[in-house]
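Just so you know, the sequences run in chain order F and L.
For the first sequence, this note's numbering gives the first residue as 1, with consecutive numbering after it.
For the second sequence, this note's numbering gives the first residue as 1, with consecutive numbering after it.
Mixed in with the good hints there might be a few duds.
Far from chain F, some chain L residues (derived; all Cβ distances over 12 angstroms) [unchecked claim]:
1. A297
2. T305
3. N322
4. V405
5. A613
To give a feel for the contact side, a few chain F residues facing chain L, derived at Cβ under 8 angstroms [said to hold, decoys possible]:
6. M56
7. G58
8. L61
9. V65
10. L79
11. F83
Residues from chain L shown here face chain F by an in silico Cβ test under 10 angstroms; the list is partial [to be verified]:
12. L332
13. P437
14. V439
15. G508
16. I511
17. R562
18. A565
19. V566
20. V617
21. L618
22. H626
Read the hints as simulated data drawn from the structure, not as lab findings.
Where a beta carbon is used, it is the ideal one built from N, C-alpha and C, also for glycine.
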Amino acid sequence: MAVEALITDIGAQAIGSGLAAVGAGLAVGLAGIGTGVGEQGIGAAAVGATAEDRGMFGLALLFTVLPETVVIFGLVIALLIMFI
Amino acid sequence: MFQPKPMTHLLIAASKEQMASVVTELYRHRVFHITDFVDQGKEGYEGVKLGVPFENAGQLSSDLIKIRSIENVFQTSPGTQFDVPVRPAETIRAAINNELPKIESEVSTLTAKRSNAETKIRECEQRINELKPFALVPVELDLYRGYESLAVYAGYIEKDIDFAFPSEKYFAAGKDGNFLVAFVESANAQEAEKVLSDAGFISVSLPTETGTVQAAIDKYNTELVQAKADLADASAKILEAKAKYADLLAACDEVLSCDVERAEAPLRFATTEEAFVLDGWVPYDDVAKIEAGLIQATGGHVFVTVDEDEINYDEVPVEYNNPAFAKPAEVLMDLYARPKFKELDPTIILSIMFPLLFGVIVGDVGYGLIYLALALVGRKLLMRMGEMGAKAFKIILGCGISTVVFGLLYSEIFGLSLPWHSILFSRHLPIGGDHLPQVMDLLVISVAIGVIYLSVGWIFGMINHARMDHKGAHRTKAILGKFGWFAMFWGMLIILFSLIDIGTFIAGITIPLPNLTVIGLPLTIVGAVLFVLGAVFVARENPLDLMEIPTNLLSHMLSFCRIAAVGLSSVAIAMVVNFLAMEFFISPALADFSVVGVLLIIVGVLVLIIGHALNVVLGVIGGALHPIRLHYVEFFTKFYQGGGVIYKPFGLKRKFSEE
C-alpha cells in the first residue's frame, strides 16, 4: 500500500511538472501571438514611414517593439512557473 | 548638465555697405543662429523687407550646379571623400575659374562618348534581334524590297496557311514562334492581308540591309564589339578622371556651398533702403567674441545689441551642454526629440544608464568581446559617417565594455561558466548545468530599477512644470498632478509592504527586503492616505487621467521586468546552442571517433557558430532596443516633451578648405 501511494505520488508530481511546462509554453506562445498581432499593423506602417524618410528608421523601430511588453510579461510568467 | 547651453538674443544692425563683411565675419565664427525674418508686418518693422541675395549668388549657384552634375557623373559627393589635403579657399576659387571649364568639357566629351556607345550597342542588338528570324528564310535581303507589282509580308504566325491565289511563301518553325515570309501579287494584297490577319499574323518590319542575312548580322556583331570596346574605354576614362578630380571637386563643392550660403544669407535678413537688421542667437560665452569680431570687420560701423526683452523660451535654439562622456547619448536623445530650452535635459542619465542596462541584459564576456571587436573593426566606417558615426562608435564601445564587466560578474562566457561562481546573480539555467538561476532576485532588482526610474520621472515632471509653465493656478495644478502620481505610486508600494512581508512571500529570493508588516496598520493607513491624496491631486488636474492608474503605476513598473527577462532569454539561447552542439554532435563524435564523427563535429561547430551569431544579433535588439524603449516610453512620458528648436549656427564645417 505504502509503495503504491508513493508511486501515485511520483506520478502526480510528474504530471504536475509536465503541466507546468505546458503552462509556461502557453504563456510565452499566446503572449507572442498577441504581440505579433499588435506589431503587424505598426510594422507595416513603420516600413512605410521608413520608405518615405529614412530618418524615421530609429523611431519606427522603436514603435514596432512597443507591444513587445506583452510577450515580456508572458516570458516573466513562464520564468516564474519554471523556476519558482 | 541637465541644462542646454545658455543663449543670448543678439540684434545686429548696420548699413547695407557693411552687409558683406558682417556675413563673412559671422560665417567665420560659426556660432550665430539666425532667426529668419518673416515679412508679416510685425510691430516696429513697418516698411522693412526681406533682403535680396548678393549679386554673385546666381553665378555661384550655377557653378555649384555644374560641380554637382559632374559629381553625379562620377557618382561621388563630398561625403564620400576622405584623407583629402586641406587647401586654401582662394586656390580652390582660382581652380573653379580656371580648371572647371576644362574639366566640364572633358567630362561632357566623355559622357557623350559613353552615351553614344550605349546607343550604338542598343541599336546593334536590336537590329541583330530583328534580323535573326530572317536567317531561317533562304532569301537574300535585297530581295525583300523594290517591287512594283508584288507585296511582301514577313512576321510571326501560329501555323502555316495557304493562299487561294498564286503566291510565293516560306514558313519556318522556330522556338521564338513560327516565322512566315510571303510574296503575293499586288492585286491580291487585300485578300492576302485578310487571310493573314485571320490567322493571327504579327508582322515585323522588312529589313533594309543588303546581302545575305548572316553577313548583315556579322556586320552588326563587329559594330557591337567595337561599340562595347568604346563603352569600356569611355567608362575607364571616366573612372580615371574621377580619380584625378574627385578630391578637387569635393573641395570646390564645399567652397561653393559656403559661398552660395553666404551670398544667399540676406534672404534671411530684414532690410530697409539703406540698412539691415539681423536677429539671432549666440551661446552666452561667445557674445563678446562675436561683438569684437564684428566691430573689427566693419571698422566699428555696426550696432550690436543684446535683446533683454521678455524671452519666448520656445524660440530659443537648443544646443546640448553635456560633459564629454555624455555627448554620444545625444544621438539617442535626438532620435526622440531635442529638449526644449527650459526643459530638463536627461541626456546624462541616458548616457550612463543605456550602456549599463545593455551590460545587465546581455552580460557575457564572449559577446562583449565580439561587440568590442565589431566596434573596432567598423571604427573607420563609422568615423567616416561624421559626428554621428563617432558618437555611435563610442556608444557601442561603452556597451561592449559594460557587457564584458557584467559577464565577469555573472560568470558567463558564450553561455558557459567562467572558473568562478557568479559574483552578482547567477543566470545559469538548468540546461546541461547544475545550478539554478536567481530568477526572483533578478526580477526584483529589475522592478526596483523601475521604481527608481518612475519616481525620478515624476520628480522631473514637477521640476519641468515649475520651470516651464507660466505662473498661476494652472502651474500649481500641473505640479501637484505630477506629485499626485508620485504619491499614489509610493502609497501603493507602502500599502503592499505593510500588508505582506515580501522578503518571505516571494520564494527563492536572497536579497534582504525589509519586513514592514511589523509596523502594520499605521503604515497601511499612511500608504492609503498618500494614495487617496495623490488621486485627488491627479483628478484636480484632469479626472480622466485617473484612467491611467493601471498603466502608469503597474504596467510601467512591471515593464522593467524585461531587464531580467530579456537577459535570461539571451542566456537560454546561448545555453541551448551549447547543449545542442555538445550533447548531440560533438560529445558522441568524440566518444566514438570515425569519419561520420568528423562530419558530426563539423555540424556541431556550425551549430555553435550560427547559434551564437544569431544570439549576438538578438543581443543588440534585446540589449539596445529594450533599454531605449524603457527610457522613451516608461521614463520620458513622465516629464519629457521635447520639440525644442535645434541650434544651427550660420556656417559650414569645412573639411577640405580653409579661408
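*Taking the numbered hints from earlier one at a time, note which ones the structure violates and give those numbers from smallest to largest.*
6, 16, 20, 21
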